[in-house]
Amino acid sequence: MHIDLTDQPIDITVALQLAEDDGAGAVNSFIGTVRNQSTGRRVVRLDYEAYDSMALHQLRKVAEQAQEKWPMLRQVVVIHRKGTLHIGDVAVIVAVSTPHRAESFAACQYIIDTLKQVVPIWKKEFYEDGTTWVAAHP
Amino acid sequence: MHIDLTDQPIDITVALQLAEDDGAGAVNSFIGTVRNQSTGRRVVRLDYEAYDSMALHQLRKVAEQAQEKWPMLRQVVVIHRKGTLHIGDVAVIVAVSTPHRAESFAACQYIIDTLKQVVPIWKKEFYEDGTTWVAAHP
Amino acid sequence: MKLTIALFGITREIVGRPTLELTTPDGHSVQNLLAELRQQYPALGKLSSLAVAVNNDYATDDTALHERDEIALIPPVSGG
Amino acid sequence: MKLTIALFGITREIVGRPTLELTTPDGHSVQNLLAELRQQYPALGKLSSLAVAVNNDYATDDTALHERDEIALIPPVSGG
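Protein chains in written order, with the working numbering: chain R, 80 to 217; chain Y, 80 to 217; chain B, 53 to 132; chain H, 53 to 132.
Since the hints were derived computationally from the structure, they do not count as laboratory data.
Some hints here could point you the wrong way.
Footprint (simulated), chain B over chain R, 3 or more residues, beta carbon under 8 angstroms [stated by the list, open to error]:
| # | region |
| --- | --- |
| 1 | 128-142 |
| 2 | 192-204 |
| 3 | 209-215 |
By construction, the Cβ of each residue, glycine as well, lies at the ideal position given by its N, Cα and C atoms.
Kindly produce the complete structure, drawing on both the sequences and the hints.
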């Protein structure tokens, strides 16, 4: 299991190498990048703020839950960026390897979906005409 | 859309770059690699044989079907290797980008699942003590 | 007892600083704490959700707080 | 008419060469072709499946074959 929270650019190639396993024929990965627009507004940049110790603890818990749900999981890699990001920058990568492909999709999706619900990381979007803490208000 | 069938090693980094799109926040990718065992037998190497013109035509059709089913799909990348492969080598990569993540998982899974059913590519496994054309016999 | 509450994201902006110190009775619950903070900072009550973390895990309403706990307010997360 | 049938994978090994030439009546169907080939090469009948491709698409049993068609036998695929 390789879990990281970093203020440096995420190296996708390295992340995927960490997910490889000679006993696993299937690697599924999800990469979240910064889009140029959000709910119709043009995004200039993003700031990601994290509660570091809790974020790492929760990321590890999510990865462990996935390993319990899919015992055939071989490698689990989750790397989340923090700090200032621009359009096209990688915010998060999740990569998992399994012997068979259906489980690689299910486990990867479970991890990113759960991450987005429980990991204490906050995204502030900067538009040409203002800012928003994403999801903060109903 | 970027579709390829190649006897050269697949460059995952390049494939993922082709899938990136400033309007798409989600990139899902599936990488199929050669496992060290198959149905309990130790695999030494694999030969992939393709009916090139039909394989390319069918790969394009599968990608087009995915774009019809998920009109929000931005980029679709499918690269399949042929020739002799060894343990850990990448046999196939499918990568898709979408504005929202659920569709990236669904479209990528649809493409790899359909590819495995319709694209005329055949895998011969070489073990220490014999060979098999995978799936040829009931 | 004295509690130190770490603030992140929009809660840090609402309160105007990264930590908040409160003096409360021993064994004060998460529910009590949230009620007090919402009274003191009404903007906290307008968030989509507001959780409390104790020692890096989500606490429930009836979790009792202690002086040495690492306590944080968790506004709606938006990672990924 | 003369048909040239491309062979791949296990069908190439069963027949022992990469293409097969057959003389058949005009408008011969895929079903007729498969029946003939299975009679000539019984090992083809033992495969999990055996499809025919005409001009790079899967044909159905009643597809009529023509001399200029690009025809191929498609044993069970195993790509990916």
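Against the structure, the hints come out as follows:
Three residues within the 8 angstroms Cβ limit are the bar, and the region 128-142 of chain R against chain B gives 8, so the coverage statement holds. Three residues within the 8 angstroms Cβ limit are the bar, and the region 192-204 of chain R against chain B gives 10, so the coverage statement holds. Counting residues of the region 209-215 of chain R whose C-beta sits closer than 8 angstroms to any C-beta of chain B gives 4, which meets the bar of three, so the coverage hint holds.
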